[in-house]
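Top line first, the protein sequences correspond to chains A, B and C.
For reference, each letter of the first sequence is one residue, going 0 to 253 in numbering that gives the first Met the number 0.
For reference, each letter of the second sequence is one residue, going 0 to 635 in numbering that gives the first Met the number 0.
For reference, each letter of the third sequence is one residue, going 0 to 217 in numbering that gives the first Met the number 0.
No wet-lab data here; the hints were simulated from the structure.
Mixed in with the good hints there might be a few duds.
As the list claims (entries may be wrong) - Chain C regions said to be covered by chain A (calculated; three or more residues, Cβ under 8 Å):
id : region
1  : 80 to 92
2  : 176 to 187
3  : 202 to 214
Claimed, not checked - Each computed PhoX-like pair below joins lysine-lysine, with the alpha-carbon atoms no more than 25 Å apart:
id : chain 1 : residue 1 : chain 2 : residue 2
4  : A       : Lys153    : B       : Lys372
5  : A       : Lys113    : B       : Lys554
6  : B       : Lys487    : B       : Lys554
7  : A       : Lys209    : B       : Lys487
8  : A       : Lys209    : C       : Lys60
9  : B       : Lys483    : B       : Lys613
10 : B       : Lys483    : B       : Lys494
Using N, Cα and C, we set each Cβ at its ideal position, and we do this for glycine too.
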Amino acid sequence: MSSAITIDLILKIWRQQNIHARGALQTYTLNDISTDMSFLEMLDVLNDQLVLAGYDPVAFDHDCREGICGMCGAVVNGQPHGPETETTLCQLHMRHFKTGDTLVIEPFRARAFKLVKDLVVDRSAFDTIIQAGGYVSVNTGGAQDANSLPVSQKNAEEAMDAAACIGCGACVAACPNAAAMLFVSGKISQFALLPQGHPERRERALNMVKAMDEEGFGNCTNERECEVSCPKGLSIRNIARLNREFLKAAISLP
Amino acid sequence: MNLDAKIPAGNLADKWDKHRFESKLVNPANKRKYTVLVVGSGLAGGSAAASLAELGYNVTCLCIQDSPRRAHSIAAQGGINAAKNYQNDGDSVSRLFYDTIKGGDFRSREANVYRLAQVSNNIIDQCAAQGIPFAREYGGQLANRSFGGAQVSRTFYARGQTGQQLLLGAYSSLSRQIKLGKVTMIPRREMLDLVVEDGHARGVISRNLVTGEIERHAAHAVVLATGGYGNVFYLSTNAMASNVTAAFRAYKRGACFANPCYVQIHPTCIPVHGDYQSKLTLMSESLRNDGRVWVPKHRGDSRSPEQIPEAERDYYLENKYPSFGNLVPRDVASRNAKIQCDLGKGVGETGLAVYLDFAEAIQRDGQETIMRKYGNLFQMYEKITDRDPITSPMTIYPAVHYTMGGLWVDYNLMSNIPGLFVLGEANFSDHGANRLGASALMQGLADGYFVLPSTIATYLGQCSFDPVTATGEGFAEADDAAKKRLDKLIGLNGKRTVDDFHKELGRLLWDNCGMARNAEGLQRALAKIPELREEFWQNGLVSGTPNEFNQTLEKAGRVADFLEFGELMVRDALDRKESCGCHLREESQTDEHEALRNDAEYSYVSAWQYQGGKSPVLHKEPLSFENVELASRSYK
Amino acid sequence: MRIVRRFCGSSVGKKVIMAVTGMSLAGFVLVHVLGNTAIYFGAESFNSYAAHLHELDPLLKVFEVVLLLLFVVHVSFGVSLFIRNRFARPQRYAVSQSSGGRTLGSVTMFYTGLIILAFIAYHLWSVSFSSRPFMTSIADLIRAHLQSPYVAGLYMVSVSAMALHLSHGLWSLWQSLGGSHPAYDTLLRRGALALAVLVGCVFVSFPILAQVWDGFLR
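Using the sequences plus the hints, can you model the full thing?
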């Protein structure tokens, strides 16, 4: 039934019962993994084996398995979402590994992302940041005709590039400083590029940056790790735009 | 039981206006005295929670993921319909209404569908105002594209990520209300039961998925926006956490389940490639605009596609439906792929796939043009399958995608349990027996932004202002039942994993209650499902404890409900001895083997009522059509 | 006051301050390296450059104070950012692997900064504030200084660290100030690297010349 090519792997997975428990890397060997499997399907196979043998399966977050919900994510051999560019863990296929490979699988690590269990972390800090200003304050029903605000195609496309963020947290995981700048800058950029976002742009920039700092993320040191790890290819040009927006707001608002 | 749809009298076009005028209102000062509980945070739930909070109600919102931004609405690719007529191509509310009701094969309510078409325009206005980066023309105006089942260009889109952008729009409105303190957002919660007291929905029991704690949530009204049940088939395009539990628990508490057998099967998905496969990936239907579907003429032909000469290929859609060719509707395309594979002409490693070939289009338009149109889809395909559609044809196969059935609701979106409202894919109301492309987003947002905020006042207006508490008998009983059930699940110490049961159930339903059904197969499934369920409770295996983050336990609870729900689906399919919408009932075909609808006998909504240990009772809500003529669909 | 507090208290504001002070300090380094090219033309020319510089005296004092202030701000904000960044990831990864963004310059920023700090202290102590014997010219002092292989080695290591620091800093400051555009992004990045290498080469050439060439600053 399945493809003929299979590989054998050594997995070193971070196991930690909960935030209070001590965690450690545990080693598993996993044989006959079809190279057509996705990374998460490989973990499914491992978990099936663990459950049948009476062990606790590895907890990992996942949902849509088509690279858009942003739920999955782990650091594979030091790289968030593994070695492929612009790929979420669920879209990473085992054909990118070869037999005998050792895969070290760790959760996204940041003070702002508290560990829940094994590879599962709490990313609610991202929600808190959005709540601080990642919206246009328009009540349902109060909208003008959709075509009354023209938006240049270029700006609409750039806004869409920025809005493509799936909130997975890979940027934080990849950043040497666990900074959330790429995430925040995506939302700020989207609204800075569209006229709908302009009435609140100053407050938005200040409030979202403040929330980001309060959540305990680090500072950007422009090392570009976020950009190269982002499964949706968000550019750090958005961070530059965030810096501009912040600068303008910080010196103009009383 | 009398299922009163409460459709307002009068002219179709005036019904919604008239209804809003005649509905009760809740005075702004009194709105803050009411609490509404919204379960689910997708397009329907998220938009409803935000809009209700804007109006002044206190809202509590539960979601199953770690953030409301991850609901599965996010995966919708194509777009959202609206009758804006920005293209000046003859679109109107009436036309959107007609296309939708015809697309649903005349198995939905006229009044609901007309209202949907009416508010479609407000949705686009609202979403544009939220700063959703819709595609634009050079002049800055909104761009449209055409979509299956319509001859006008009325689909608004944000690249291939329209669902994501619309969901993030609703999420941003929701976030604003959370910050303002009007919405209490509670993520990582799974609803385990509905609490009904004195005949009214009063709250839910949920499980904290991190700590395992069982919690009670009380409210003046409960809104379920918990999505569809496509995962009953195990393999579907749904997200892994999508499940029927919330809706099914409501059913067990007395809410009627309508049309459970209406399942949409999408023709262009990446085929199954192994037993380990956990999910199916959809490829946009737009591929059929340029791709040609074919299989080898001879069964068991195992040559690679390039080696099969033109004369030995069967372009079965073009041959069978000369006027629509490869662009026949979803159900026809899906069904014919299955027929070819059943004939042994399927291709690929499993024999469960057909070719979608771009060679001719590439020759005609050049590779560059084709890549510009479909480049991102080709990349996605190559990422998953490691094959390049430019050099060899794609393989595709149908997959379960959307469920039109759901909890029965009236015109106010209230179920037959007073105070229980159901929105989005979780209800049955607007798509009949088949949903048109780009209509799911429209319905979810219509329900959440515009319909519920108006109609809920009629119910709340007659509730007392007294704060609701979670201490009543109903809560105690449901709380206890939920805990007992979890204990029973955690006690399962057999030899088969939960997924194993789920897969078997899925195969059983796919084979017997999928695109094509017949009485014999359905009877077989009806006999087999209870056996499987019995084995699950005897031989299932669940690890860990209930008081921790335990994904095996979560899954077990959902599969246990699927094992009961599957039976209801089969029962409904057995009852409906006609072919309509997405499914072909083999006993009901024309001489040319096309689907034959039976309006005389089956023009009704099937609403199933739970009867405890006994078989459920079928209530029929007749469908009457005063404004459209029932036509049969032909794509020859 | 509120604006200042809001600005200095935020991570982005701190980065802007790092960028502005960094840019000023880099400007000083550029002027310094330009001035030092007088060394290539012999002792006389270098001494006269130094003498001209001292003619600007009251201005020079102001300049020194400003420079010191910039320096103190750059260092203290840099240290505070570094501490916060370490704090933001309490548990390190077992495997650390770049996805391709980091450069040698960016990774070592804090450490090269520390080397520069130590070097400047030494440099001021040994050159600017040294109690040189009466009538010894600045050229003689530098020559004597750099002819010691230890001192020359120290200089080479330190100015290399500075070049590395600049290679990231000269680009990074534009990004922090919000100046980024697809049209000149690559140019900025390459320009920063080229400038850093050039400055490094010129600075490093002095100790090398002092070691290998008898005519150095004669």
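For each hint, the structure was consulted:
no.	hint	in the structure
1	80 to 92	holds (count 10)
2	176 to 187	holds (count 7)
3	202 to 214	violated (count 0)
4	A:Lys153 - B:Lys372	holds, 19 Å
5	A:Lys113 - B:Lys554	holds, 24 Å
6	B:Lys487 - B:Lys554	holds, 14 Å
7	A:Lys209 - B:Lys487	violated, 47 Å
8	A:Lys209 - C:Lys60	violated, 39 Å
9	B:Lys483 - B:Lys613	holds, 22 Å
10	B:Lys483 - B:Lys494	holds, 22 Å
The structure is inconsistent with the numbered hints 3, 7 and 8, although it conforms to all the rest.
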